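Visitor: As they're listed, the protein sequences go chains A and B.
Once you know that position 220 of the first sequence is 220 in UniProt numbering, the rest is easy, because the numbers rise by one and skip nothing.
Once you know that position 118 of the second sequence is 118 in UniProt numbering, the rest is easy, because the numbers rise by one and skip nothing.
There could be a bad hint or two in this list.
Note that the list lumps identical chains together, so a pair holds whenever it fits in one copy or between two copies.
To be verified - Below, simulated DSS-like cross-link-like pairs (lysine-lysine); rule was C-alpha separation at most 25 angstroms, straight line:
1. Lys16 <-> Lys214
2. Lys184 <-> Lys197
3. Lys184 <-> Lys18
4. Lys236 <-> Lys246
Because the hints were derived from the structure by calculation, they are not lab data.
These figures come from a predicted structure and were not determined experimentally.
Number of protein chains: 2
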Amino acid sequence: MNDTINLLMNHRSIRKYKNEPVTDEQLNTIIAAAQMASSSSNVQAYSVIAVTDSGLKNELASLAGNQAYIQECPVFLVWCADLYRLREAAVSEAAGEETYEDTTENYTVATIDVALAAQNAAIAAESLGLGIVYIGGIRNQIAEVAELLGLPELVYPVFGMCLGVPDQEPLLRPRLPLPAVLHKNGYDREETRVQVKEYDKTLSSYMQERSSGKQTATWSEMMAKRLTQPARLQLKAFLESKGFMKR
Amino acid sequence: MNDTINLLMNHRSIRKYKNEPVTDEQLNTIIAAAQMASSSSNVQAYSVIAVTDSGLKNELASLAGNQAYIQECPVFLVWCADLYRLREAAVSEAAGEETYEDTTENYTVATIDVALAAQNAAIAAESLGLGIVYIGGIRNQIAEVAELLGLPELVYPVFGMCLGVPDQEPLLRPRLPLPAVLHKNGYDREETRVQVKEYDKTLSSYMQERSSGKQTATWSEMMAKRLTQPARLQLKAFLESKGFMKR
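Construct the entire structure; sequences and hints are all you get.
Guide: In structure tokens:
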């Protein structure tokens, strides 16, 4: 175990921040580290909007489901998949030729690129003593978020990330047992089933501890609740309207 | 600058490995670190197949475009988005209710989840002195890869990752200037355009240095070449056939 692995193993999402700033130097260091993540053929198909304007943060918090920590964190990052910059660069050199920015492949590439960069940013931030939480809620009203931030076509907000000095130390959340996610030379359905049953007990104990006995849900129960909710069904139409995934 | 940020800033993709093993202990440490990455509502919608069987590695190398380092690395990881495990867990608790695993939202969530976990794995591996390279080529013949690894429906191979002891030290590849990817309180198209022009010069110099003067392409030229190629157009149909993104 080295310091970096120790840092990775101690990740917690932070939802309460001290009233202290994130400096420009810290932000630039974090984003520079993000940029060094791998990128498919060096396309670097992402952009990040640093939101520090408090009015704008309030509007985004409201669009993302009124999560107070979006207003309270000093910097709110909106991580965007960005094929606009790529297409602009490409068409300046490929006038008249057909381009393929609108494929499911390139949607997938851009979504992967932004996630790899954001995870580097998360780790860099935590190594500086800052805390983060990913905010999927910015996809709740994605068209409004895109308009508010002036996103061009071929850019979509993938997730937000609050950034600030932690003012809480939550419990570590136990993950699935290693053999539930790590398969050897082929996918093992039976092992997965057995390990999920084991994890159901682990997570139910964790929920009881965290809620002082009020919650006892297993992972399977929580996943059933989540998967039976019709969440963000408008995403497909929004993405197509922005030029993504037409084929 | 701390050790972790120093590690992130020195990432290079490694495509040549020493004939030395990756131990089970190293692999377990790397995947455990991967599991601590954030996951949307704790869905943990990914699996990873560790391929060490040399016959299987050869077949995957062949399917991914005959990249020798896939055969030569001691462990080849295939990172998969996995909504199968989630649905199996959920339907055991939600018999009869409609479930929404087939949405574009859940495709996106699973693709993000696997990328966040994989990037943690990459960093953990590098902190242990190992090298990695992401392999998008496993999407070239994705149906064959899925069959070879026995992937159930609702599981797709997102990318591969070679893992091994580095036997090369490539140049650091310069990234886009920071202001090309970092926007303040809104997307800035004009700044992006200016910064890409600047990067074109930087990357052309880097290509010349790396190729001893034989290559001089700018980033815009490389992106034009990439974006005019009809890459992996079968992905959409494959994903739909596996139960993804039906709505």
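Visitor: Hint by hint, say whether it matches the structure.
Guide: Status of the hints after comparison with the structure:
1. For the identical chains of this complex, Lys16 and Lys214 are intra-copy neighbours only, at 22 angstroms inside a copy versus 53 angstroms across copies, given an alpha-carbon limit of 25 angstroms.
2. Taking identical chains as interchangeable, the C-alpha atoms of Lys184 and Lys197 lie at most 25 angstroms apart only when both belong to the same chain, with a minimum of 20 angstroms there against 46 angstroms between chains.
3. Only between protomers do Lys184 and Lys18 lie at most 25 angstroms apart by alpha-carbon distance; the minimum there is 22 angstroms, versus 44 angstroms within a single protomer.
4. Taking the shortest alpha-carbon separations for Lys236 and Lys246, both the intra-copy value of 10 angstroms and the inter-copy value of 9 angstroms come in at or below 25 angstroms.
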